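Quick mapping for you: the protein sequence lines, in order, are chains A and B. Count the first sequence with our numbering and you get residues 10 to 375, in order. Count the second sequence with our numbering and you get residues 10 to 375, in order.
Keep in mind the hints are simulated off the structure, nothing from the lab. If you're wondering where the values come from, they're calculated on a predicted model, not measured in any experiment. Watch out, some of these pointers could steer you wrong.
Which copy is meant is left open, so a pair is good if it fits within one copy or across any two.
30 Å max Cα-Cα, derived BS3-like pairs, lysine-lysine [what the hints assert, rightly or not]:
(1) 88 with 122
(2) 149 with 223
(3) 327 with 223
(4) 211 with 84
(5) 204 with 122
(6) 319 with 211
(7) 149 with 287
(8) 122 with 319
(9) 186 with 369
There are 2 protein chains.
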Amino acid sequence: MSHAQGLNVDTPIIPLSESKRFISECLQAVGTPKNHADEMGDLLVEADYRGHYSHGMNRLEMYINDVKSGTCDGKAVPKILKETAATAWVDGQNGLGAVIGNFCMDLAIKKAKEVGIGWVSAKGSNHFGIAGMYTLEAVKEGMLGMSFTNTSPFMAPTRGKQAMLGTNPLSLAAPGKEGDNFVLDMATTAVAVGKIEIAKRKGVPIPEGWAQDKEGHLTTDTANALARGSCLMPLGGSETNSGYKGYGLGFLVEIFCGILGGATYGPNVRKWGTTDRKADLGQCFVAINPNCFAPGFEGRLSDMMGMLRKSAPTDPSKSVLVAGEPEQQHMDAIDKAGGVRYLPNQMESCKRLSEELGVKPLKPLR
Amino acid sequence: MSHAQGLNVDTPIIPLSESKRFISECLQAVGTPKNHADEMGDLLVEADYRGHYSHGMNRLEMYINDVKSGTCDGKAVPKILKETAATAWVDGQNGLGAVIGNFCMDLAIKKAKEVGIGWVSAKGSNHFGIAGMYTLEAVKEGMLGMSFTNTSPFMAPTRGKQAMLGTNPLSLAAPGKEGDNFVLDMATTAVAVGKIEIAKRKGVPIPEGWAQDKEGHLTTDTANALARGSCLMPLGGSETNSGYKGYGLGFLVEIFCGILGGATYGPNVRKWGTTDRKADLGQCFVAINPNCFAPGFEGRLSDMMGMLRKSAPTDPSKSVLVAGEPEQQHMDAIDKAGGVRYLPNQMESCKRLSEELGVKPLKPLR
Chain A
10 MSHAQGLNVD TPIIPLSESK RFISECLQAV GTPKNHADEM GDLLVEADYR
60 GHYSHGMNRL EMYINDVKSG TCDGKAVPKI LKETAATAWV DGQNGLGAVI
110 GNFCMDLAIK KAKEVGIGWV SAKGSNHFGI AGMYTLEAVK EGMLGMSFTN
160 TSPFMAPTRG KQAMLGTNPL SLAAPGKEGD NFVLDMATTA VAVGKIEIAK
210 RKGVPIPEGW AQDKEGHLTT DTANALARGS CLMPLGGSET NSGYKGYGLG
260 FLVEIFCGIL GGATYGPNVR KWGTTDRKAD LGQCFVAINP NCFAPGFEGR
310 LSDMMGMLRK SAPTDPSKSV LVAGEPEQQH MDAIDKAGGV RYLPNQMESC
360 KRLSEELGVK PLKPLR
Chain B
10 MSHAQGLNVD TPIIPLSESK RFISECLQAV GTPKNHADEM GDLLVEADYR
60 GHYSHGMNRL EMYINDVKSG TCDGKAVPKI LKETAATAWV DGQNGLGAVI
110 GNFCMDLAIK KAKEVGIGWV SAKGSNHFGI AGMYTLEAVK EGMLGMSFTN
160 TSPFMAPTRG KQAMLGTNPL SLAAPGKEGD NFVLDMATTA VAVGKIEIAK
210 RKGVPIPEGW AQDKEGHLTT DTANALARGS CLMPLGGSET NSGYKGYGLG
260 FLVEIFCGIL GGATYGPNVR KWGTTDRKAD LGQCFVAINP NCFAPGFEGR
310 LSDMMGMLRK SAPTDPSKSV LVAGEPEQQH MDAIDKAGGV RYLPNQMESC
360 KRLSEELGVK PLKPLR
């Protein structure tokens, strides 16, 4: 996470609504229907708002290229292939990730309202942005949400030196009292590639357990960690530090996505940044209705979060946080500022897109 | 895991059926009905068989004491409090963990047969042994299974120095072809207490990231790691190594258990080894019917496991494994030997129990 970016950069403030307008119009300019383009705008801006800048405006150009080249079908509407009262198998038909994710999570919520739980697995999807986008939709309906996606291969299994699984993120969001929600949104690798890139830019070594070199050995050298053939390590890092658990969790995500959904899986998923073939990602969306279990879910969750926040910190200046809290702090800061500040090279990329696509440039707050 | 124990100890071989007989008769001797005592026998012996000796015969004395003291009700039958086609909320009524776990997983499987998924949360439970016991039940029916339990507080949240969550294990088991199954069964802490105890016995330091001392600082000293007020660290270890993800996963387990099920949660769960009050653990059991999703689940899972096993290893003498494989290797060795070899102090403890309870002693293979 790069929470500092939205506050410490000397670029103009862009209101969230303006970012959404810009993203949607860019995608419309390459032939995406307005409703689909709007869903992508909501998705990318939510990522920026939450401080996950790598998954926000930063990804716009990639999505535009996918639609322009026809690798992804901006017009495609997901289709239910098989259905029970509580489950569905969906073909994303190679549509935009946000369109498929929203469709599947809406379906899961509908089923959870009726029978307590909805479990939806999709094939034929594309990158769906931050996993937390969809689980927060469930929370808006008073439910617990889970989402999973497979991704391009980056992670070596414990004892291995080949990239066999992706960063395979998972999210769980759950409603506390008065909008104080639990929002876990994490890759099952120790870190994402972006964190290593930032260390490289700063010229500092990375901790042991983030990455391994192309021979499969632990490395703290950013050049080795980013060289061709290197791999991310699973959460936990080395085998001694139980990295096999992170590897197992990455596989769990793949089981719910590529294997259950019948999408491409594991090392067969296309390499990151390539567009020679369809992504055919697998994804999974779950909604759970807490009213079907013990009454008072929100109160208990808030109580538990409160106990954690009030528990004794190791360093008195750093209190214990719960999942979703760093993001909430970032959102509060963005609200106060009236918008997001993008990095200078991001602003330039937006300017270029605006010229290429004939879209009105981003208009700063003042 | 202490897979070597069952092979390298100089004690007589005990057939699995004999261990089951012994466990069941001991529990019956303190007033447990035979059917419940048999379920506990199956559970503990499965743990030994899979090489998880800490959760097998090793726990018998604890369960006997729980039943004898009335802290746990050996006769209690679980009760469904609320139900939909896909979900159930169960009161374990303070019964034995295996009895509640089997009841809930059977219920989840029944629902998954009908509507594709069954999600069951329970309160009022006791230690349920290895989480994989229940998920393997789902696999026997051709389904995916998940199980979760909260446990006594042991883990400090990232940035904290108080034990606020347990080792909170989770399991996912899924059927591959011809009985080649994926079985993930892991604590969400970096390691269990037992691993630190083994290092202490060996007189070797522990790696950074397993435990923190009572001040909340990383420690590699086993005495500090086991001292009063020390804590286990979440999977990942320190904040730098993304320990907050392991902390988030431990909280995820608590959400599905204590919070969803309305059981005791977090730091309120009774301390390990205490019996002054009921455990009132929360647990969660899920069955997913792969036939409700893309056809050919088992083939894809086996294909993925095969690719992983054949992927390039870092050390050519150690091939890449998949979750459940170390256990399978252990089971094969036990089958070949005709039974388990228990540690000498375990054999003594069984002898003492046999005398105290008037139960026929363990009879070795020959």
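We went through each hint and held it up to the structure:
| no. | hint | result |
| --- | --- | --- |
| 1 | 88 with 122 | both (21 Å within a copy, 24 Å between copies) |
| 2 | 149 with 223 | neither (44 Å within a copy, 40 Å between copies) |
| 3 | 327 with 223 | between (37 Å within a copy, 17 Å between copies) |
| 4 | 211 with 84 | neither (41 Å within a copy, 63 Å between copies) |
| 5 | 204 with 122 | neither (39 Å within a copy, 44 Å between copies) |
| 6 | 319 with 211 | neither (34 Å within a copy, 38 Å between copies) |
| 7 | 149 with 287 | neither (32 Å within a copy, 36 Å between copies) |
| 8 | 122 with 319 | neither (34 Å within a copy, 44 Å between copies) |
| 9 | 186 with 369 | neither (41 Å within a copy, 56 Å between copies) |
Checked against the numbered hints listed earlier, the structure breaks hints 2, 4, 5, 6, 7, 8 and 9; every other hint is satisfied.
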